[in-house]
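Asker: Read top to bottom, the protein sequences are chains B and E. Counting from 267, one number per residue, gives the positions in the first sequence under this note's numbering. Counting from -4, one number per residue, gives the positions in the second sequence under this note's numbering.
Honestly, the hints are just simulated from the structure, not real lab data. It is possible that some hints are incorrect.
[To be verified] Distance condition first, Cα-Cα at most 20 Å in a straight line; then the derived EDC-like pairs of lysine to aspartate or glutamate:
1. E/Lys147 / B/Glu722
2. E/Lys147 / E/Asp77
3. E/Lys147 / B/Glu590
4. E/Lys3 / B/Glu590
[What the hints assert, rightly or not] Coverage of chain B stretches by chain E, computed from C-beta distances (three or more under 8 Å per stretch; other residues unrestricted):
5. 549 to 557
6. 628 to 638
7. 641 to 647
8. 714 to 725
9. 778 to 786
10. 811 to 823
Cβ coordinates follow ideal geometry from the N, Cα and C atoms, glycine included.
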Amino acid sequence: MSDALEAEQTFYDEFPAESRVVRSSLLGAFLALTLGAIFGIIQTLHRTGIFRGIIASTDYYTLLTAHGVFLAISFTTFFLAGLFTWAVVRSLDRPLVNIKITWTWYALMAGGMTMTGVTILAGLVDAVDMSADVLFTFYAPLQAHPLFYTGLAVFIVGTWLAGADWFRTWLAWREENPNERIPLQTFMVLTTMIMWYIASSAVAASVLIFLLPWSLGLIESVNPTLTRTLFWFFGHPVVYFWLMPAYLLWYTVLPSIAGGRLFSDPLARVVFVLFLLLSTPVGIHHQYLDPGIAEGFKFISMTNTMFLLLPSLLTAFTVVASVEYGARRRGGTGIFGWLRALPWRNPAFTGMMLAGLMFAAGGFSGMVNAGMNVNYMIHNTIWVPGHFHLTVGTAVALTFMAATYWLWPQITNKPIYSSQIGLFQVVLWFIGMALMSNAMHAQGLLGVPRRTAEPEYSGFDYPVAFGGFEELNVQIAIGGTLLFLSTVLFIGNLVLTMGNPRVSGIAETLRPALSGPDDAPEVLDDLRIWSGIAVTLVVLAYALPLAAIISDGGLLGPGVGTYPVWIDAAAGALADVALPAAWSLVDALALLGSRLLDAVASGVVA
Amino acid sequence: MHIHAYEKIWLAFAIVLILLLLGSVTYGAVGPGVAMVADSEGQIDATALDEDERFAEPRVEQVGENHYAAYVVAYQFGFEPDPIVVPANSRVTLHVTSRDVIHGFEVVGTNANTMVVPGEVSEITVEVGEPQEYGLLCNEYCGAGHHAMEGKLHVVPREEFESSDGGESA
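Pulled out of the complex, with its shape left as it was, chain B reads as follows:
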């Protein structure tokens, strides 16, 4: 008894209600991961021609849309929501202000994503007159069913409310602690969310003002360059929205697992401020090859993009230095000999380190993407998915999985079922991704396009280079299969963990940084200044290009139709049906939300 009392408290012991939110968010993320992995393995086998029996090539794009939306939006954001809730509550050491608000944003995110997901997958069922084969980027004038856009809008509103929840909790803490520095993890959450508010405003505007009314038949056409530009205004910073939680883990959790401490708290703050300032005014670098945008704007975007390398390069230094410090404290010596003193048997540690290593490789292919005229060579080739499977697919996803091995016991008091399986799983992911992404990069250089069901063509062959097209296809298929197996192991391990009994004494502490927040200039904590500069930079980078696009093409576009045409033909009928349908879904969602709230309030959900 006395042991249990003296034992350090886990997050679960201290904040059981918040633990439930974190757990639900992570479970949402892992559901998306499971679905995304299933679509991923089907695609990898189909595209490479190893096995094309599961779906028709025309349905490939439905699964590709689902793979992108479930993994890039759903998995990442739900994990982030759980992690940020944990980070804010843990670092402020106070509960959320109002847990009902918290469950409301959770319900909005879950409801929105369900609408969007159902709409996409309905494309596989001929009997249902609904589809959204528009990929994760939904470029007009390809059109999706209105429910697809509605779901996205509801989901984004959910994330906004989540941010407000964390800001409110911080403000409440601020009143109780007027003169203290913002704890590092909370600082990271708040700067990331300011970046998110700026970035997501554009895609929300695109969806609400143009795409949703257009899909309902209320307006006839949209300006494809304008909606594309608004998408990429959001589409680049969103990659930092995925990456920032991984950085939070690398800065605040990884050094402690290594037995050390973060090298420098002030520098970590500088890095997050730089991401806030620089991640939005760069989206045009996804549009280097777009007609309709002047070369000068592309050059400005490239300059911003290249400077965005700075915070990542600083992170590489700080994280390695912090881990080395831990290794030396554990008795490691020598120039590289300290590496042997690290806890490589710990899946959380090894997973995050391998993720960081892959991120370095992804950073280098990213520099190629960012080079304005170098981009001609690899634009829209499979090089690009090769790149982002290293960044979001490994740096982010592998970090999230690895961190789960550390975090899950803290929010449930249940030890992980098997660390050995965990270790094997993270290494398997690394090997699978190394094979798949290497081959994707190589095929990209041959000119093999991305986003296609059958990359072989009847009229011509790709130029033969080191490891020809077919051999690289086999490499992609093997890599993709290993990744699927790794996901199965991860989910299986987690499900078995849930069956474990609760225990005590598994609390893990996070050590404060070597150089603490008091070394950081006060101005770093002034979020108003940084928000103001961030908005100014965005205005400088985007006001002129957007003005030019609108003055050239008009708000609603220079005479462009709607595709696929069946939606056009059915538009009138659809508008009559879809609007009431959308509203009844909103009603149902509201009902679900209120039921959930009642249940939470009365403590039924345990």
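The hints should help you fit chain E onto chain B, whose structure is shown.
Answerer: Just chain E, lined up with the frame of chain B:
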């Protein structure tokens, strides 16, 4: 704020790396003259291309001493003209537009690559060398038949090009 000496060295290294990257692209633009696809061409009515003097009949024509212009229309799911026939060892300015959705235009194995957006005209100028057949593909998802959208770029000897009805390729 304390910054460690190693951190300062690393910071300097990072900034030099960034400046080198910017420098190399700038050199590519002003030295070898790799220009970007830009908004030089103005808007076009994508639903009325058959009334446009350049795109009503997609074709290749001579516009200078050794300079040719190709007018190409991308559509679900092909390119017109197909093949695009151009004479060897010449300069070719490609004008590409779409009459429906967003497409890509990529000459496989080269850096001739651009987005094709309805309502816009992409203009890129390339130097072609010895006679060769190139594959041409759409590299932006454009609908259920996207993977079937392909074409050819034929670089042919000059005599052959001139005998082919003054460059009117079919």
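Asker: Now, for every hint given, state plainly whether the structure supports it.
Answerer: Verification of the supplied hints:
Taken as a hint, the lysine 147 of chain E and glutamate 722 of chain B pair is honoured in the structure, with Cα atoms around 14 Å apart against an allowance of 20 Å. Simply put, lysine 147 of chain E and aspartate 77 of chain E have alpha-carbon atoms about 6 Å apart, close enough for the 20 Å limit, and the pair holds. Of the pairs offered as hints, the one joining lysine 147 of chain E and glutamate 590 of chain B is violated, with about 55 Å between alpha carbons and a cut-off of 20 Å exceeded. For a cut-off of 20 Å, the pair hint linking lysine 3 of chain E to glutamate 590 of chain B stands: about 18 Å separates their Cα positions.
Beta-carbon proximity to chain E at under 8 Å applies to 5 residues in the region 549 to 557 of chain B; the threshold of 3 is reached and the given coverage holds. Counting residues of the region 628 to 638 of chain B whose CB lies closer than 8 Å to any CB of chain E gives 4, which reaches the minimum of 3, so the coverage claim holds. Here the region 641 to 647 of chain B counts 5 residues with a CB under 8 Å from a CB of chain E, which clears the bar of 3, and the coverage holds. With a cut-off of 8 Å between beta carbons, the region 714 to 725 of chain B has 10 residues touching chain E; three or more are needed, and the interface restraint holds.
For the region 778 to 786 of chain B, the proposed coverage by chain E is satisfied: 3 residues have a C-beta within less than 8 Å of a C-beta in that chain, meeting the threshold of three. Coverage of the region 811 to 823 of chain B by chain E holds. Counting CB-CB distances below 8 Å, 4 residues qualify, and the rule asks for three or more.
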